[in-house]
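Participant: Letter by letter, the chains look like this.
Protein chains: 6
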Amino acid sequence: MSTIKPIDDRGASAEVRAVFDDIKRTRQVDDVNNFWKYLAHDPATLKRTWASVKEIMTPGALDALTKELIYVAVSVSNGCGYCIASHTAAARKAGMSDAMFGELMAVVGMANETNRLANGYRVPIDPAFE
Amino acid sequence: MSTIKPIDDRGASAEVRAVFDDIKRTRQVDDVNNFWKYLAHDPATLKRTWASVKEIMTPGALDALTKELIYVAVSVSNGCGYCIASHTAAARKAGMSDAMFGELMAVVGMANETNRLANGYRVPIDPAFE
Amino acid sequence: MSTIKPIDDRGASAEVRAVFDDIKRTRQVDDVNNFWKYLAHDPATLKRTWASVKEIMTPGALDALTKELIYVAVSVSNGCGYCIASHTAAARKAGMSDAMFGELMAVVGMANETNRLANGYRVPIDPAFE
Amino acid sequence: MSTIKPIDDRGASAEVRAVFDDIKRTRQVDDVNNFWKYLAHDPATLKRTWASVKEIMTPGALDALTKELIYVAVSVSNGCGYCIASHTAAARKAGMSDAMFGELMAVVGMANETNRLANGYRVPIDPAFE
Amino acid sequence: MSTIKPIDDRGASAEVRAVFDDIKRTRQVDDVNNFWKYLAHDPATLKRTWASVKEIMTPGALDALTKELIYVAVSVSNGCGYCIASHTAAARKAGMSDAMFGELMAVVGMANETNRLANGYRVPIDPAFE
Amino acid sequence: MSTIKPIDDRGASAEVRAVFDDIKRTRQVDDVNNFWKYLAHDPATLKRTWASVKEIMTPGALDALTKELIYVAVSVSNGCGYCIASHTAAARKAGMSDAMFGELMAVVGMANETNRLANGYRVPIDPAFE
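So the sequence lines, in the order shown, correspond to chains A, B, C, D, E and F.
Residues 10 to 139, numbered by the numbering used here, are exactly what the first sequence covers, in order.
Residues 10 to 139, numbered by the numbering used here, are exactly what the second sequence covers, in order.
Residues 10 to 139, numbered by the numbering used here, are exactly what the third sequence covers, in order.
Residues 10 to 139, numbered by the numbering used here, are exactly what the fourth sequence covers, in order.
Residues 10 to 139, numbered by the numbering used here, are exactly what the fifth sequence covers, in order.
Residues 10 to 139, numbered by the numbering used here, are exactly what the sixth sequence covers, in order.
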């Protein structure tokens, strides 16, 4: 197997280019990230994933920054290098300060620690939380 | 082995009771959660964990609600039943509405999905994110 | 689908019973744990898993207690309820004291925390560790 | 610590070389992958792991391709870079087309998403599944 | 916080009922699983998730059974109790035999093992897999 | 976003330098690892994390080597590249032999495998372990 290569504007089908264009317009960027250039190998997944991300990440009850902080928290817990890099950048763009980043990391670290303490001590759920 | 039993106020040493009292005062609650009653078997871990949680969860650059949302996001990704239950309750107490919970879950789900798409497609980090 | 039921001595084929008997002899117990009674649905996996566990958990460069502590550490990190319960019991049997359990949990919690701090801060590996 | 170096045919003991030879014969390849060259530092683990892999990956009720797809699905969920690369290659060799890869990734992504939605909403198991 | 309750046909809005009806029609079942009854608290997530699952799980380059096996593999690796139960049932319905289930578990177990051996031995990716 | 840069002695505030000095003194090393140089961006997290690590990793009921083995086991299970590298080095320094490393990996691999077999077969906890 040769590794998958990214698909850029020139190599893209009309279907893929339509998604790329919508990403650029929505995010007001000149080019799409590698993530989308790789997903482009499967236009159905590209379209569905972009439509879902667009719907989910639009500010609603939670603002754009909070959503990006949550995205980083999950990516850090899962150890996804690509997603940590790209969503940390997105969180910065959405207004994450150095101090916010520090506190985000502290909470993520603590949650990962206490998750395991709760597992290991086999703590039963308090009736109040049921 | 018999399962570890929770330690409550009556069974607690002075050292443990001091931590319990600080938790109650800080959180303005009548009793501490099971998590602390189980950690009480190891007073050093109880003290250190509470001191860390107290320092980390105090509002700073991020407010209390945002910190609880992040805590839930990590606990859901890790599948820690106890922590999902207790921190969802804490997030509600800190102001999480039904709509916020729904959006939190949507972001957590999407992040877990795209983390794996990035892994599977072996997407290299964009130079802009390095 | 009806849930898989455990297979006990009476329901076991000769092939399965031979494994059960070896487990009982090796561990000097009267009955095998549920884990083996469920794996018995696939005799090939039962045999291979038991042969591997037996080989791996035999004291060698690491003693039996240390191996059980490691088993608990992994099971707690993965959140496997069954394995946490059974291997905590096995560790107790191999000599784990309350104090050891407390320190084990503390290390497991801390490792899970610093793993994520390293991920989130994207810390590059020191040349000395390469 | 200096990093572990791979052991190749020349550096291998007779015991290790016997395993290497069986891998080459079974897979009809000229050389073994890095995975085996590193495991060779522990001949007992090398032998046991190869024997297990050989037994498990042999076509049975599931064919070779299906087994490799499952291997990729697990490796992607766990974020194991080495295993993603090597088992994606193995799946290609076993007949995975581009379209199959795309659908595999889509299912893996969706499963990782819905796993967390089920966790977060604390969905109880339907009686029909018990 | 009171725990989220499932929403059934009677409590459902027209929007939710439309999704429930499509699930029943597509899967030819009389009632939807708890998963959907809980997601119904967030109609946007319910609709999007069902649309995605429907699109992804439709037989294509991979058949329905293979897709369910992959779903189970991911859910078992993540330790999602609900998803293990529901997708094992779905796999049975799609034709998974006892022997297939046994082999699926064997591959999932082995992949989880070798993923960690590759991590721990820090095995570099073979040039052939790049 | 530009990637976070490490903070070394020259760039460190008095507060950060005090922590660096304590790390060097305690570990009898000339320089601190990258981990601490990155955490230094958040002095509160740096101080708290070092204080916790120092307290937890001090020999007690478990000796220094056993604690490092546990740290490696967790890091390998989580796939944290940085932590695997740094704690394998620390374990070597604390006395881990090649044979111990081999057995550690074998136990970690097996635990990760059986964790999933227990999940997949949905094995209920034996009454004796409750």
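Bear in mind the hints are in silico, worked out from the structure with no lab data behind them.
Some hints here could point you the wrong way.
One copy or two, it doesn't matter: identical chains are merged, so the pair holds either way.
[Claimed, not checked] 20 Å max Cα-Cα, derived SDA-like pairs, lysine to any residue:
hint, residue 1, residue 2
1, 56, 74
2, 33, 23
3, 63, 133
4, 14, 36
5, 33, 138
6, 33, 90
7, 102, 52
8, 102, 18
9, 56, 131
10, 56, 139
11, 33, 13
12, 102, 24
13, 63, 104
14, 14, 35
15, 33, 56
16, 63, 20
17, 14, 64
18, 102, 134
19, 102, 37
Participant: Compare the structure with each hint and give your call.
Facilitator: Verification of the supplied hints:
{"no.": "1", "hint": "56 to 74", "verdict": "neither (24 Å within a copy, 25 Å between copies)"}
{"no.": "2", "hint": "33 to 23", "verdict": "within (15 Å within a copy, 35 Å between copies)"}
{"no.": "3", "hint": "63 to 133", "verdict": "neither (38 Å within a copy, 22 Å between copies)"}
{"no.": "4", "hint": "14 to 36", "verdict": "neither (24 Å within a copy, 27 Å between copies)"}
{"no.": "5", "hint": "33 to 138", "verdict": "between (44 Å within a copy, 17 Å between copies)"}
{"no.": "6", "hint": "33 to 90", "verdict": "neither (23 Å within a copy, 30 Å between copies)"}
{"no.": "7", "hint": "102 to 52", "verdict": "neither (28 Å within a copy, 24 Å between copies)"}
{"no.": "8", "hint": "102 to 18", "verdict": "neither (24 Å within a copy, 30 Å between copies)"}
{"no.": "9", "hint": "56 to 131", "verdict": "between (42 Å within a copy, 19 Å between copies)"}
{"no.": "10", "hint": "56 to 139", "verdict": "neither (39 Å within a copy, 27 Å between copies)"}
{"no.": "11", "hint": "33 to 13", "verdict": "neither (23 Å within a copy, 27 Å between copies)"}
{"no.": "12", "hint": "102 to 24", "verdict": "neither (29 Å within a copy, 30 Å between copies)"}
{"no.": "13", "hint": "63 to 104", "verdict": "within (19 Å within a copy, 25 Å between copies)"}
{"no.": "14", "hint": "14 to 35", "verdict": "neither (25 Å within a copy, 31 Å between copies)"}
{"no.": "15", "hint": "33 to 56", "verdict": "within (14 Å within a copy, 26 Å between copies)"}
{"no.": "16", "hint": "63 to 20", "verdict": "neither (24 Å within a copy, 29 Å between copies)"}
{"no.": "17", "hint": "14 to 64", "verdict": "neither (28 Å within a copy, 25 Å between copies)"}
{"no.": "18", "hint": "102 to 134", "verdict": "between (39 Å within a copy, 17 Å between copies)"}
{"no.": "19", "hint": "102 to 37", "verdict": "within (12 Å within a copy, 37 Å between copies)"}
In summary, the structure is inconsistent with hints 1, 3, 4, 6, 7, 8, 10, 11, 12, 14, 16, 17 from the numbered list given earlier, while agreeing with the others.
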